[in-house]
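Chemist: Please put together the full structure from these sequences, using the hints given.
Protein chains in written order, with UniProt numbering: chain V, 1 to 306; chain E, 1 to 342.
Treat the hints with care, since some could be wrong.
As the list claims (entries may be wrong) - Result set (DSSO-like, lysine-lysine): computed pairs, CA atoms no more than 30 Å apart in a straight line: (1) Lys132/V x Lys334/E; (2) Lys132/V x Lys333/E; (3) Lys123/E x Lys24/V; (4) Lys260/E x Lys132/V; (5) Lys123/E x Lys260/E; (6) Lys334/E x Lys126/V; (7) Lys24/V x Lys126/V; (8) Lys222/V x Lys132/V; (9) Lys334/E x Lys260/E; (10) Lys24/V x Lys260/E; (11) Lys126/V x Lys333/E; (12) Lys241/E x Lys260/E; (13) Lys123/E x Lys241/E; (14) Lys241/E x Lys24/V; (15) Lys333/E x Lys260/E.
I should point out that these hints are in silico values taken from the structure, not numbers from a laboratory.
Predicted model only: the values in this text are computed from it and were never measured.
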Amino acid sequence: MLETITQTVEQVRTGRRTIGDLGKTGIGTVGAVAMLVVLMFPVYWIVTASFSQGAGLMSSDGLFADPATYNLDAYRWVLFESDFVFDNGEVGEPGALFNSLIVVFVTVSVSLSVIIPGAYALSRRKFAGREKILYGYVLFTQVGAGLSIATLIALYALFVNLGLSNNLLVLGVFYAAGAIPFNTWLLKTFMDNIPVSYEEAAIVDGASQWQVIREVILPLSKPGIAVVLIFTFLAGWNEFIIAQTLLRPENYTLSVELYSLAANEYETPWTEFAAFASLFALPVAIIYFATQSYVESGLSFGGMEG
Amino acid sequence: MSTSFLDRVTDLGHRRLRADRTSRDLFGYLLVGPGIALFLSFMLFPIVFLIYLSVTDATHAGTVIGGEASLIGVDNYVALFTDTQFWNSLGITWLFVAVSLLAKLVVAVTIAVVLTHSRVRGKRYMRAIVIVPMGFPEIFRVTIWRGLFSSARFGPLNEILAMYNGAVERLVGVVDAVAFFVTIEAPGLLLVDIPVAWLGGRWSTFLAYVTTEVWMAYPFMVIIIVSALQDVPMELHDAAKVDGAGYLHRFYHVTLPAIKRPVMFASILTAAASFQQFLVPWVFNRGGPGRQNELLLVYGFREAIELNEYAFASAIMVTAIAFIGMFMWLAVKKGRLAEGVN
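Modeler: Below, the structure is given as structure tokens:
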């Protein structure tokens with residue numbers, strides 16, 4: 001950083017760069033930063049609001065509370081008094097976090113158990129209809145996200161009649177089903193990049209079909225499986241409308257609790273809401289960005305190459 | 001045998017692989033089968049069930065099974081296509097798709113061009129920050145914007161408008177002080193009446209929906225457009241510069257043609273997503289005020305879950321699915337989606 005600055009000063013002094021040239025770069029950069037500030041305003045607002053308990057946010061002048069009054073009271077409320085960890089903060093009564101974790105556990109385990117074999121078969125086996133399956137998966141992933149809401153009313157009716165509506169396990173399986181196309185496709189492309197020669201070498205050494213899968217494919221796919229694990233986790237953690245439709249209050253997951261906090265137009269407790277939202281979203285956002293490069297590669301379908 | 005060791009090994013490998021082929025086919029189906037079965041049972045089966053429901057007279061969830069509903073043919077569709085609420089909903093949905101697509105294109109192309117511009121320092125870090133909205137859960141993003149669009153006097157956006165009003169008045173005050181010979185007052189046209197009841201009016205609600213939709217979807221577009229812009233050869237720009245083309249000319253004749261295809265692809269996908277938007281209207285004010293902004297999925301969901309018109313709602317959802325199918329067809333034909341799938 002310092003080096004670049006001294007370099008630039010040197011360039012200006014020796015006349016290789018004009019002040020005007022420098023000014024244009026400065027204006028361009030400042031403009032870009034200003035654009036970024038406007039775009040990130042909502043995120044900044046929610047984070048500062050979560051530290052502003054008792055500062056009269058949204059009831060007095062000023063967008064933000066005085067930084068000197070920042071405190072963690074809202075977080076204390078979320079952790080010890082809301083339904084976030086325990087029901088009404090009563091230790092021992094599992095709250096929304098537990099419900100979310102149950103759902104996510106089911107989603108991750110069910111979906112991984114069908115995604116890994118499916119991805120392997122689509123990557124390594126040749127069978128009729130293989131391309132059609134992939135095609136269908138990609139199509140659903142990219143265009144059909146709203147289908148699950150469209151079909152929700154039919155499933156709701158079925159679940160109510162079968163007595164399965166207020167069931168965290170069923171909800172977890174539902175999410176797992178929705179997560180299959182994208183994640184199978186993702187893991188399949190990951191496995192495509194494992195050289196076939198490793199398997200051939202193992203076969204030459206006398207390994208059986210199962211041994212090849214267990215000792216060549218699975219270990220080499222670990223990073224891909226980790227990413228799929230994160231995505232299926234997020235699928236269960238983030239979803240809201242299906243959970244709200246199927247569950248009753250005692251089984252509410254975190255996303256539904258978050259909505260309940262924000263549902264009242266005039267009496268929404270914004271600081272508490274902000275703290276709840278931050279605890280709900282920031283950890284998963286960090287995990288999400290750790291896998292950023294895979295997200296972008298997940299977007300690189302045929303049509304994008306121009 | 002005169003072939004090298006390596007060739008023999010590969011040959012052996014191939015033979016082993018080939019010998020297994022017949023059993024492998026079955027094995028492949030066995031592996032991929034459970035995933036497909038699970039997916040279809042929660043996706044295809046409900047669609048079939050929806051189509052069945054849409055030709056019955058089921059009213060609430062309890063009558064759906066148990067023989068209480070009877071087949072009535074296409075009556076629900078006739079009722080649907082003669083319902084003004086349906087046409088209003090379909091109209092507002094397409095308007096939402098069109099307006100938000102246009103806004104997304106302008107916003108995303110602007111961001112992408114700025115963040116690849118040679119005059120901007122620290123582009124890489126900025127590009128990492130700008131896509132942050134993508135990482136948050138959808139319910140988080142939607143509820144934040146619901147808070148920003150609070151109708152309260154001290155709601156964030158009303159507060160910003162108040163600042164804007166203050167700035168206009170101060171500016172006019174300065175002009176007034178300079179031009180001492182006439183009295184100038186802030187023109188009413190420039191001032192905004194606060195507080196604005198954002199979710200109380202039809203078009204201000206619509207504006208709120210579009211703003212939120214654009215904020216949630218621009219990172220996806222920016223990623224695609226930035227990677228397309230980076231693929232534009234610098235020589236083209238340099239050649240155009242030598243020929244004396246100004247910035248706008250170069251943008252129009254060099255940049256735009258180069259990013260046209262990827263932008264087209266991204267537009268189809270994001271338009272499809274907008275068409276299926278549910279959470280924004282639902283969380284903001286359930287498609288209100290009244291039922292003026294009920295996007296198609298909200299309309300169908302409400303008829304079923306809140307108004308106990310299951311069969312009628314199924315007809316709405318089947319119609320929505322038909323439109324989604326159309327988007328899929330469009331994505332395949334025009335976006336050349338899935339072209340690289342193999």
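Chemist: For every hint, state whether the structure bears it out.
Modeler: Cross-check of the supplied hints:
Distance hint between lysine 132/V and lysine 334/E is fulfilled; the C-alpha atoms sit about 19 Å from each other, no more than 30 Å. Between lysine 132/V and lysine 333/E, the direct Cα distance comes to roughly 16 Å. Compliance with the 30 Å bound is thereby established for this hinted pair. Taking the CA atoms of lysine 123/E and lysine 24/V, the gap is near 15 Å; set against the 30 Å cutoff, the hint holds. Only pairs whose Cα atoms come within 30 Å are accepted, and lysine 260/E paired with lysine 132/V is accepted, the gap being roughly 28 Å.
Taken as a hint, the lysine 123/E and lysine 260/E pair is honoured in the structure, with Cα atoms around 23 Å apart against an allowance of 30 Å. Among the hinted pairs, lysine 334/E with lysine 126/V is consistent with the structure: their alpha-carbon atoms are about 29 Å apart, no more than 30 Å. Using a Cα cut-off of 30 Å, the hinted pair lysine 24/V and lysine 126/V is violated, with the two alpha carbons roughly 58 Å apart. This hinted pair checks out: lysine 222/V and lysine 132/V have alpha carbons roughly 27 Å apart, not beyond 30 Å.
At most 30 Å may separate the alpha-carbon atoms for a hinted pair to count; lysine 334/E and lysine 260/E meet this at roughly 12 Å. Distance check on the hinted pair: lysine 24/V and lysine 260/E sit about 29 Å apart at the alpha-carbon level, within 30 Å; holds. Restraint check for lysine 126/V and lysine 333/E: satisfied, since their Cα atoms lie roughly 26 Å apart, inside the 30 Å limit. For the hint pairing lysine 241/E with lysine 260/E, the CA-to-CA distance comes to about 21 Å; that is within 30 Å, so the pair holds.
Simply put, lysine 123/E and lysine 241/E have alpha-carbon atoms about 23 Å apart, close enough for the 30 Å limit, and the pair holds. Only pairs whose Cα atoms come within 30 Å are accepted, and lysine 241/E paired with lysine 24/V is accepted, the gap being roughly 18 Å. For a cut-off of 30 Å, the pair hint linking lysine 333/E to lysine 260/E stands: about 16 Å separates their Cα positions.
Taken one by one, the earlier hints fail for this structure only at number 7.
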